[in-house]
Each structure stands twice: as C-alpha cells, then as structure tokens.
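Letter by letter, the chains look like this.
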Amino acid sequence: MKFDKRKDINPKYLLLTLTIICILFFIMSFVARDQVAAIKNFTNKLMAPLQQGINEIGLWTDSKIENLNTIEELNQENAELKEQIEAYQTDIAMYQNQLAELETLQELYALDELYPDYNKTAANVFAKDSSSWFSVFYIDKGTEDGMFVGANVMCGDGLAGIIVECYDEYSKVRAVIDDSSKISAKILPSNALCTVEGNLNQYQEGCLAVTNIDKDAKVNIGDKVVTSNISDRYHSGLTIGYVSDISYDSNNLTKTAYITLTVDFTNIETVLIITDEKFSIYN
Amino acid sequence: MRRVITLGLLIIINFILQSTVFGFHNISSITPNLMLILTMSFGLMRGRKEGLLVGFFCGFLADCMFSTVLGPYMFVYMIIGYTNGFFHKNYIIEDVLLPLIVIIVDELVFNTIIYIIFFFLNNHLNFGDYLTDIILPETLSTTLLTIIVYKFYVFVNKRLKRKAEGKDII
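Chains as they are written, first to last, in our numbering: chain A, 2 to 284; chain B, 24 to 193.
Just chain A, same shape as in the assembly:
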C-alpha cells in the first residue's frame, strides 16, 4: 500500500537507523564543515526560490488589499463621483506605488548620508526562522553579490544585525534582538563602553538590556547607544538605540541600562548591508 519496499521493516529498527544518521550528521557538522555546508546549500537552493515566490505573492496580495481599502473609502466619500474615480483608479494605484518607492528611496538616501564612510548595498528580506525562538531572517543576496560572513546589516536608521551564514545566492542574518547576539557598544556623549545583549523576553516588552556600564559613567535617559570602535565584528558608530531606563546592578560595580531600538523589527522589507570588512587582528 505504502512504502512497499520497506513494509517489513520494524519501526524500531527504522528509528534506530535514522537516529544513527542524525548523530552522524551532527558529528559531521563539526568534523566536515564544508561537506555539510554543501548539503545545506543544495537543499536551500531548491527552497529559496519557492520562498521568494511565496513572499512576492504575499506582498502582491498585501498591496492589492490596501488598494481595495482605499478605493472603498473613496467610494463612500464620493458616491456621486464614482465614475470619475473609476477612471482615475489605475492612476491612483500607480502613484501610490511610485510614492512608496520614492519614500523607500528617500529613506535609504537619508541613511546613506548619515554613514558616508561605508560602501553599502541593498537587499530584500524573503524568509524568517520557522520557530518562534530565534530572531533570524534571510536576505536575497549571497557570496555572488559580495556578501560575506560578518557583514553588518542595517535597516531604517540603525543596526539590524549581522550576517552569520553566507551562501551563493542568499544569506542568513541574525538580528540584534536574538538571544545569542552580543554587541560591544558605547553610550554617547560620555563614551562609556557597554554590551548590548539581545533578549527575546525583553524585546517583547519593548526594550533591550545594555550591561557592563561602569558605575561612575554619566548616562542619561535619551542618550544614544552606538557600536563601539573596539568591536571586532561591527563597524563603529552605527546607531543601535536610545537609553530609556537605568538601574544599578547588585554587585555595585556596574549598572544596566535599557534601550529602545531604532529599528522596528515588526516590519522589515529592505535592508542595507555594509560591504566593507571590519579590520581586526583576527582577520
């Protein structure tokens, strides 16, 4: 009826075999990194175009629904002018699209002027991690477009994350709010060094913790937190957020601040990637 060839296999032995395969894969991930990366790359090459396609359909329906809503409102307001509106509908849709594009471009351009030192390229987000645990997303540019592991990713007017895995046509970006993300930063204008730690729980409450600030450092609410120059992975001076709360630690040596992020992670479509490699003694 099904799996005819394997009909006689006892599920127990199948479980045992597949468990061994799992363990082999696990060991291989550490021993033979390149081969495992090749397996991943192959599978994801099949999946990424599908995901991008679905994403485009999603965006398309989204824009269509938005258009419908605006049209409905207009109809209600101008019941007498229906015919005229119908004539202009296509124009409105076109202008809306152009306006949205203009706004995005203006945003990107404004950002461009803020950080003039670095070379950047734009990319689109097409998928996110399937579980609720990790804040990881995927962009449609890979090694073929000059991406590399450790490239800083920005969105809007602040730091969004870092590329942690890079494949031929796409890359995996870990957001700053991910639990495993730790960024060496400094608080302006006092230049106090600190560490920005990603934390899912805190992000859901709307802020992130900044730890290891010296007790005597002058930190005020509203101060800007930027990446520090001693970080070996992040370029210096990228905005992360603004201080919204400060508290002393129980050890009486350091204090912890809470920051509001500049990047809105609930709506990320286009990101900028810094294509300059950070110079460090590890490279």
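FYI, nobody ran anything at the bench for these hints, they're computed from the structure.
It is possible that part of the hints are untrue.
Said to hold, decoys possible - So the derived label-pair ranges between C-beta atoms look like this:
1) B:Val92 <-> A:Leu106: 33 to 43 Å
2) B:Ile140 <-> A:Glu278: 43 to 53 Å
3) B:Gly189 <-> A:Pro50: 32 to 42 Å
4) A:Thr271 <-> B:Ile171: 48 to 58 Å
5) A:Asn70 <-> B:Lys186: 41 to 51 Å
6) B:Leu123 <-> A:Tyr96: 45 to 55 Å
What the hints assert, rightly or not - Computed list of lysine-lysine pairs in DSSO-like fashion (alpha-carbon distance at most 27 Å, straight line):
7) B:Lys184 <-> A:Lys13
8) A:Lys41 <-> A:Lys183
9) A:Lys121 <-> A:Lys65
10) A:Lys279 <-> A:Lys183
11) B:Lys112 <-> A:Lys13
As the list claims (entries may be wrong) - A few chain B positions that, by computed beta-carbon distances, are all more than 12 Å from chain A:
12) Leu84
13) Val92
14) Asn113
15) Glu117
16) Asp118
17) Leu120
18) Leu121
19) Leu123
20) Val128
21) Ile157
22) Thr166
23) Leu167
24) Ile171
25) Phe175
26) Tyr176
Please read these numbers as outputs of a predicted model, since none were measured by experiment.
C-beta atoms are modelled at their ideal positions from N, C-alpha and C, and glycine is treated no differently.
Fit chain B to the supplied structure of chain A, relying on the hints for placement.
This is chain B only, laid out in the frame that chain A set:
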C-alpha cells in the same frame, strides 16, 4: 508512490508557509508550528513508521535552513513523530479531542527541548519568562490551527487510502 509524492509536497508546502507567510516580515513574532502539526497528524493517522519518516524529513529541512549544525531538529521531530505513532491504535476518524491533546503535549515537549538545547545550556535560566512569552502563545496558536489543518489531513489521508485500496482490488 502516490503517498510518497503527496507527503513530500505537504512537507515542502508546510516548510515554506511556516518560514514566509506566518510572521510575515515580523522577525520576532510567534509562528504556529505547521511542520509539527503535519508530523503529529500522520503519526496519529498512519502509525509509528510514517510519523517517524515525516518527522525526519521535516526536521531535515528545518535543520538545513535554520540550524547551524545538522541534527537537533531532525532528531526532535523524528522522536515526536515516532511517539505519536503509539496513539495510532486509539485513532478514530471523527475524533477531534485526541489530536488536540496530543498536539498540546507535543508543542510543550518540543519547545521545552528547544529551550534546553539552545537556551538553558546557553545560560538563559529564566524558564518562566520563556514559558509565558514563547511556549504558551505558540502552543495556543498551533492548537487553534490544528483544528482546521487536521481536518484537511484526515481528508487527504482518506483520499490516499481509497486510491490505494481501489488499486489493490483492480
């Protein structure tokens, strides 16, 4: 053969939907675990062997895309598919309560294991916060979705069974 192709398609569709449509451009949102529903459904409807295989391939895709090492998701999905297969003898087509109870337990177990592997061992010890912020909302959304999706899988399974039986008679 028809069954293998259908299952393969279902796995791929679920994987893609889970990584794109659900949590659309929201990086830190709660996503219902579609692949777990698939594994659970076929484990329950078809027994240990099929639950095991479906779980294995779901986990393989999840590992390839989202994990730095291959293995952990594969193993967790596989074990869940296998254990769900034990409930196959209690399976009745009209029953809705059993899959719901099973998916709730599955979700809690699955997320607790993920917490232990990736967070507890990484010195994030406040399990209570993760429980209320991630595990429970995800369990709720997955359970609600199960009510709809499970019916669809029962339908698909019935069709596949009828086709296969028809073939046997001919």
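Tested hints:
1. B:Val92 <-> A:Leu106: 33 to 43 Å: The hinted range 33 to 43 Å holds for Val92 (chain B) and Leu106 (chain A), with Cβ atoms some 40 Å apart.
2. B:Ile140 <-> A:Glu278: 43 to 53 Å: Given a distance of about 32 Å, which is not inside 43 to 53 Å, the answer is violated.
3. B:Gly189 <-> A:Pro50: 32 to 42 Å: 36 Å Cβ-Cβ, so the 32 to 42 Å window holds.
4. A:Thr271 <-> B:Ile171: 48 to 58 Å: 33 Å, violated
5. A:Asn70 <-> B:Lys186: 41 to 51 Å: 43 Å, holds
6. B:Leu123 <-> A:Tyr96: 45 to 55 Å: 49 Å, holds
7. B:Lys184 <-> A:Lys13: 24 Å, holds
8. A:Lys41 <-> A:Lys183: Distance ~26 Å between Lys41 (chain A) and Lys183 (chain A) Cα, so the pair holds.
9. A:Lys121 <-> A:Lys65: Status violated; Cα separation ~31 Å.
10. A:Lys279 <-> A:Lys183: It holds: about 17 Å lies between the C-alpha atoms, which stays within 27 Å.
11. B:Lys112 <-> A:Lys13: 17 Å, holds
12. Leu84: 7 Å, violated
13. Val92: It is violated; Val92 (chain B) is separated from chain A by about 4 Å at its closest Cβ, not greater than 12 Å.
14. Asn113: Holds: least Cβ distance 17 Å, greater than 12 Å.
15. Glu117: At roughly 22 Å from the nearest Cβ of chain A, Glu117 (chain B) sits farther out than 12 Å, so the non-interface label holds.
16. Asp118: 22 Å, holds
17. Leu120: 25 Å, holds
18. Leu121: The assertion about Leu121 (chain B) holds, with a minimum of 20 Å to chain A.
19. Leu123: 20 Å, holds
20. Val128: 18 Å, holds
21. Ile157: 5 Å, violated
22. Thr166: 14 Å, holds
23. Leu167: 15 Å, holds
24. Ile171: 19 Å, holds
25. Phe175: 18 Å, holds
26. Tyr176: 15 Å, holds
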